[in-house]
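Asker: Spelled out from the first residue to the last, the chains are:
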Amino acid sequence: MTEEQQLKLQAFLDGELPEKETRETASWMARDSEATALFNELRNTRRAFKDSEPTVRLPESREFYWSKIQREIERLTPASEPVKTRSFISRLRRILVPIGAVALLVLAGLLAVEQSGIFGGPAITPDSEMTVADSKAFTYHDYANGTTLVWVSYPAER
Amino acid sequence: MTTRLKSPFRRGLLALSCCLLAFATMAAHAKELKFQAQLVWATNTNTEKSVDHKLVDAPVRQKLEELPLKWKNYFLIHNVHFSVPQSGSKEAVLSKKCTIRIKDIDGKNFEISLIGKDKPVLKRTQSLPKGEMLVLGGNAPNSTAWLVVLKRIE
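Chains as they are written, first to last, in my numbering: chain A, 1 to 158; chain B, 1001 to 1154.
Do not rely on the hints blindly, as some may be mistaken.
[To be verified] Okay, derived cross-link-like pairs now, DMTMM-like style, lysine to aspartate or glutamate, Cα gap no bigger than 20 Å in a straight line: (1) Lys1108(B) x Asp142(A); (2) Lys1108(B) x Glu1091(B); (3) Lys8(A) x Glu24(A); (4) Lys1123(B) x Asp1106(B); (5) Lys1130(B) x Glu1154(B); (6) Lys1130(B) x Asp142(A); (7) Lys1070(B) x Asp142(A); (8) Lys8(A) x Glu41(A); (9) Lys50(A) x Glu24(A); (10) Lys1103(B) x Glu1132(B); (11) Lys1063(B) x Asp142(A); (12) Lys20(A) x Asp32(A).
Don't read these hints as lab results, they were simulated from the structure.
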């Protein structure tokens, strides 16, 4: 007897076969004594298990008993931390803050490079700059009129 | 012609050409920076005695009078209008002994050199926005003074 046939007998015993297969299995058992013997053995074993199964009676109601188990499980299980949900603004801030910092650094670097004239450009200061020194020269700014006067010691002849 | 212009590609090409033309026109205008340089003689001499020279125009005179200068009259010796190419330099001869050279640095800042008797007298870097004036000056004989008035026109 194949394993499949044995499983079919078990299913027949448990009443799990469809009607057609139930009829076929019954007719097969009527013809095959080995199948009948195995079926009887399976039925006896099942009955033995069923008869020997201890019956436990609860001192309290079923609902109360299970509620006690549930409370005990809840007591022993550590309270799980609430899942932190990050808002859109906080996520945006996490991205924008480092980008902003980098942008500021780049801007500061560019300004420093421009002011120092590293790439060949002259260093322009907000104020004017005298590159040929004249120790006696003086400069006067009239900001209101937008006029600058530079007086030099150069002795001119008209 | 109308059908051709309806094509998005052709319309885009036309718009791009217009933009390029506008930019080219703007760039052509921005290429040159115009200046006016005046050699001025400052003196307390009366006007009657200096008939060979005319007085500086009123706006320049007004600005000069607001400076801490002691002279009563300012006579125009020579007046030069000249253009400085963008990122270039240009010299303007004001007299046989006085030349001014302007070098454009970045369109806002200029290197201004004063040359007297072929020798550098002063070299100065400063911004000179349109309408502002730079006056270079020095003492001259008989309690007079020479002035170079530099003004950016455009």
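Asker: Okay, which hints does this one fail, numbers in order?
Answerer: 9
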